[in-house]
Each structure stands twice: as C-alpha cells, then as structure tokens.
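In order, the protein sequences belong to chains A and B. The numbering of the first sequence is the working numbering, which starts it at 1 and goes up by one. The numbering of the second sequence is the working numbering, which starts it at 1 and goes up by one.
Hints are computed from structural coordinates only; laboratory data are not their basis. Among the clues, some could well be false.
SDA-like mimics (lysine to any residue), calculated; alpha carbons at most 20 Å apart, straight line [said to hold, decoys possible]:
| no. | chain 1 | residue 1 | chain 2 | residue 2 |
| --- | --- | --- | --- | --- |
| 1 | A | K9 | B | K5 |
| 2 | A | K14 | A | A50 |
| 3 | B | K42 | A | G40 |
| 4 | B | K5 | A | R44 |
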Amino acid sequence: NAGVTQTPKFQVLKTGQSMTLQCAQDMNHNSMYWYRQDPGMGLRLIYYSASEGTTDKGEVPNGYNVSRLNKREFSLRLESAAPSQTSVYFCASSNRGRDTEAFFGQGTRLTVV
Amino acid sequence: QQQVKQSPQSLIVQKGGISIINCAYENTAFDYFPWYQQFPGKGPALLIAIRPDVSEKKEGRFTISFNKSAKQFSLHIMDSQPGDSATYFCAVGSAGTASKLTFGTGTRLQVTL
C-alpha cells in the first residue's frame, strides 16, 4: 500500500526560484492537506482541499498556491521561494465525516538559500 | 493566537515508567482530539483519538484522558518502552470543517534503558 506519496523528498532552492511539490494518494480520500513543520511550532496548515475542485486557505497560506488536479493529486507551488519557507512539508489526506484519520506522506525537506 | 498548548516540550522517562503529555485548547467548538506519533524522517501517524462524549479512552498501553470543563486532554503511555521514543503531537478538530486539524507544538519523548 503506497498511501500518500510525496515528491521530491529533498530539495534545495535559491531565493526567488519556483518549484512545485507533488502529492498523490491512493486511498480514494476526498480531503487533502498541506502542512509545514518547523522546530518548536508543530505542524501548521497551509492549504486544504475538502473535495475535488475546491481549495481553501489554512493558517499560513502566504507565499503558496495549490492545485487539486484530480481526486488523487494535490500540489503545492512556491512561486518565489524565500528563506522563511525553509521547512519540512507534509501532505495528508482523509475522508470527510466523524473520526476521520489523516494519513501523512513521508515529507519533503526544503531548504531555501 | 495559539489554539492548542502542549507541554512539556521534551520528556525523558525510564523504561517501564509512565509518560504523560498534556494539551489545553481554547475553542469549545472542537470535538475531535487525536494524538499523533512521529518518528525521525517519517510523517506523523495517528496513535489514538477521543471524542468529548467520553472522559477516557484506552488502547493497549496508550490512554487519553479528557476533561471537557477544563478544556484539557492528556496522553498517558504506561510501561514506556525505548521503541516509544518519538515526537508526539496533540491536535484538535471539528466535524464539518473538512477534518482539518490544528496541532500542538509537539513533545519529544526519550525512553531510556
């Protein structure tokens, strides 16, 4: 079972460069999420998609854009990377409804220099 | 504004001891309280979760205690083992919001021999 797959696993960007983080899930989940994890700050929600065709801002959306390409795929784009975006990024998915477990990918470690 | 306050930041427990991690939340609209476990280099994974209609939930060595009036919940790990060494995150969520979660800042647990 693949679950939630993120690519790439590691990336180094120069300030001002752009890139897209890819995420795909094979559990037929409706909802998908992008979080960033920084030391001492836990996981903070960047964007989420409740269902195919919809996206909404989370707690820290500035500097990011997302695309829910289809039910399986949810990508995160950094248009002009900044050092403050150095972080570990996690994609997650879940079904709607009560007691819904969120399943996380392995993460993408991004460094912006 | 921090919606979930988690303590302690780090914890060292001897093998066989009890590990206790606490979380406090502000918004009474939250009705889903999971704990996630994360090993280095991996994504978080659901450990145990509770709804506010019960005061305690036990799964093996892991127990959540929930105090609705105090807006607090805690994770107890009985007979702690070295394999429990990980970072633990509490989270809060509410039904009808696409299951998106707000996480605490995390507790790094080390279980020594």
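Here is what the structure says about each hint:
{"no.": "1", "hint": "A:K9 / B:K5", "verdict": "violated, 30 Å"}
{"no.": "2", "hint": "A:K14 / A:A50", "verdict": "violated, 32 Å"}
{"no.": "3", "hint": "B:K42 / A:G40", "verdict": "holds, 17 Å"}
{"no.": "4", "hint": "B:K5 / A:R44", "verdict": "holds, 14 Å"}
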